[in-house]
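A.B. asks: Produce the complete structure using the sequences and hints provided.
Sequence lines, in order, name chains A and X.
Numbering-wise (this note's numbering), the first sequence opens with residue 43 and increments by one.
Numbering-wise (this note's numbering), the second sequence opens with residue 992 and increments by one.
Misleading hints may appear alongside valid ones.
[Stated by the list, open to error] What follows is a list of derived Cβ distance ranges for each label pair:
| hint | chain 1 | residue 1 | chain 2 | residue 2 | range |
| --- | --- | --- | --- | --- | --- |
| 1 | A | G123 | X | D1062 | 32 to 42 Å |
| 2 | A | E185 | X | Q1108 | 43 to 53 Å |
| 3 | X | A1012 | A | D182 | 52 to 62 Å |
| 4 | A | N127 | X | R1166 | 31 to 41 Å |
| 5 | X | D1129 | A | W155 | 36 to 46 Å |
| 6 | A | P154 | X | D996 | 47 to 57 Å |
| 7 | X | G1185 | A | A84 | 44 to 54 Å |
| 8 | A | E148 | X | D996 | 56 to 66 Å |
| 9 | X | P1015 | A | E60 | 34 to 44 Å |
| 10 | X | I1186 | A | E60 | 18 to 28 Å |
[Unchecked claim] In silico SDA-like links for lysine to any residue, alpha-carbon gap of 20 Å or less:
| hint | chain 1 | residue 1 | chain 2 | residue 2 |
| --- | --- | --- | --- | --- |
| 11 | X | K1177 | A | D178 |
| 12 | X | K1177 | X | L1078 |
| 13 | X | K1177 | A | Q199 |
Please keep in mind that the hints were generated in silico from the structure rather than gathered at the bench.
Where is the CB? At the ideal position from N, CA and C, for every residue including glycine.
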Amino acid sequence: MSVADPAPWQERIFELLEAADVRQVAYVPDAGHAHVIRRVQAAPRMRGVVLTTEEEGVALATGAWLGGQRAVLLMQSSGVGNCVNMFSLLASADVPFVALVTMRGEHAEFNPWQVPMGRAAADALSAMGLAVHRVDRPEDVGETVGAALDAAFRGGQRVAVLLSQRLIGRKEWVTG
Amino acid sequence: MSADDPAARVDRRAFVARLLAACPDALLVTGLGSPSYDAFAAGDRDRTFYLWGAMGGAVPLALGLALARPDDAVIALTGDGEALMGLGALATVAVHRPVNLTVVVLDNAHYGETGMQPSHTGLGTRLAEVARACGIADATEVRTLDAADAIARRVAARAGPAFAQVHVRSDALPRALPPRDGAFLKNRFRAALGIAPL
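C.D. replies: Take a look at the structure:
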């Protein structure tokens, strides 16, 4: 998967965010989100908000909602751990929220340091009251992400979609 | 109190009351603990969202609000401990340059809520310099009540982002407790802006 040739499911995520009138897209970069980030940066009605740490995005989304805008947070599974206490804001103020989480520490992971948080991400999200939906197949991405956006911005829920590492493919660490 | 006396510190309640009286329409986000009490003591308002937790979240929350409401002035009013927990947010604010956001840190150099332990700002960290180094060019330190008027003018000018470190005394003040129901505060805030419920 290259910059010039994104997977169709990646373009589908962007289309769904745009169709849902998401105006602020907060992110700590991840290769799996790179295409959406580029598309957001070029979209006149959307603002990409690069963060120093993922928990800023939880607060940012709350502020956006207070001001009448929809926001989502794009992050890698390692970022879930950075958000844990800030998630209390969403529950305490009953704020709709969507996080799209690219998974590390699972399929063909090369870096053992990614494994502990990758394994804990779904439980950590659940423990903080978010509904967690996992996607393993490219053809399911659109339906799952679309349902998450509806559940949040129509249904008032807090939802995380885990995009499995297998979707994103093996990271090439070494050649030969 | 002399404006150039580095030891000078202002009464936080008086400062906040003067600032908010001069910014009646500004959207206000307050960090947990004393800044929330100070804002409530100055008079409850629908356009205030008080935090009771989410430490480190006041500035990024105010950023999301400022980006969503470009025609409104937004103030993040917080304390040194809360600001220190979210220092990275100052870099994020600087990158996104919301002209309508003013960050006001009431710095008593202590963790007031937990027994007045010294904070980093009393131990050498210079918050306004951090903000400036992050890229918020309009970052100042103030020590007088009159400075509230100057900050209010910066809020109204919407020529930010701006950052003000207000050196306040660490007096133990009576608590003035705002509502703790976050859903109520959120709904009240959105209704004040004319935003329909879900």
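A.B. asks: Would you mind marking each hint as holding or not holding in the structure?
C.D. replies: Structure-based check of each hint:
1. A:G123 / X:D1062: 32 to 42 Å: Once the Cβ atoms are compared, 37 Å apart, the range 32 to 42 Å for X:D1062 and A:G123 holds.
2. A:E185 / X:Q1108: 43 to 53 Å: 51 Å, holds
3. X:A1012 / A:D182: 52 to 62 Å: 55 Å, holds
4. A:N127 / X:R1166: 31 to 41 Å: 23 Å, violated
5. X:D1129 / A:W155: 36 to 46 Å: 40 Å, holds
6. A:P154 / X:D996: 47 to 57 Å: Given range 47 to 57 Å: holds, Cβ gap about 56 Å.
7. X:G1185 / A:A84: 44 to 54 Å: This hint is violated: roughly 31 Å between Cβ atoms.
8. A:E148 / X:D996: 56 to 66 Å: 59 Å, holds
9. X:P1015 / A:E60: 34 to 44 Å: 37 Å, holds
10. X:I1186 / A:E60: 18 to 28 Å: 21 Å, holds
11. X:K1177 / A:D178: Cα-Cα ~36 Å, so violated.
12. X:K1177 / X:L1078: 25 Å, violated
13. X:K1177 / A:Q199: 15 Å, holds
Violated hints, in rising order: 4, 7, 11 and 12; the structure is consistent with all others.
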